[in-house]
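Engineer: I would like the entire structure built from these sequences, with the hints used as guidance.
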Amino acid sequence: MVEKNKKFKLIVLIAPPGSGKGTLSELLKDRKSFHVFSAGKMFRTMITQKKENKENNLQEVNKGDYLADEIVNKYAIEELEKILEKAKEYHQEEIYIALDGYPRTMGQAKELEGWSKNKELIIVKLEGLNDLQIQKRLSNRYLCEAHEHIFNELNENFPKDGICPKDGSKLIKRVDDSQLEVMQRRLKLHEALTSPICEYFEKKNITTITIDSSLSIEEMYLSFCEKIRI
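Letter by letter, the sequence shown follows residues 1 to 230 in my numbering.
Hint data in this document are derived by calculation from the structure and do not stem from the laboratory.
Cβ atoms here follow ideal geometry from the backbone N, Cα and C, with glycine treated the same way.
Take the hints with a grain of salt, since some may be wrong.
What follows is a set of in silico ranges between Cβ atoms, one per label pair, in the way DEER data are often shown [claimed, not checked]: (1) S195 with K227: 14 to 24 Å; (2) I163 with N118: 24 to 34 Å; (3) E191 with K227: 15 to 25 Å; (4) E127 with E156: 23 to 33 Å.
Structural biologist: Right, here's the structure in full:
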């Protein structure tokens, strides 16, 4: 059971790959003590650990494809429950949880809606980049091996030694960031599947805000904080 005096706000980040939602999530975690749930990171970790790899075709994550809703919902809700339990240890009255990569389909959206009773849902759309700009960002994106901290070779602060300054691990490229065909498939899937989600939540009068993803990450962060009022 979650403590009754705590208010939970679920921030659903909806954006094409490469729009900056992962980096924004990191800033919110570091600066505002947000809890962050990344569906992609969770499943990539499971692939590495070979947990149910063959049974559930988790390798589809690295091909730019989406997993079945039944699989995603099962593990996503389990992880969100763990986050809520951990949040009991915090003294803040308002607990923010940023959701990166979940939900991605209508089936997942309805599952989250049912689970989030007595919690506030806020939809944050990151828009403003065209496909070519996104592909350029993705092709220059690196993650660290240890914790998937995100860096982009186009930015001035990119670690030239190829080592993550936060944890000392090696910077690597994701498989689905380095293949043009995979990137294009991810973008098409995103548009086809997430547009109905946004429309669904808007019709239900769920708070929805839009952030300009063509801004610098610092400007995106400031815009987010202003619109969410934190």
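Engineer: Determine for every hint whether it applies to the structure shown.
Structural biologist: Hint-by-hint comparison with the structure:
One distance hint, 14 to 24 Å for the beta-carbon pair S195 and K227, holds here, with the actual separation near 21 Å. Checked against the given bound of 24 to 34 Å, the beta carbons of I163 and N118, roughly 44 Å apart, lie outside it. At roughly 23 Å, the beta-carbon separation of E191 and K227 lies within the given 15 to 25 Å, and the hint holds. The hinted window of 23 to 33 Å between E127 and E156 holds, with their beta carbons roughly 25 Å apart.
In terms of the numbered hints stated before, the structure departs from hint 2 and from no other.
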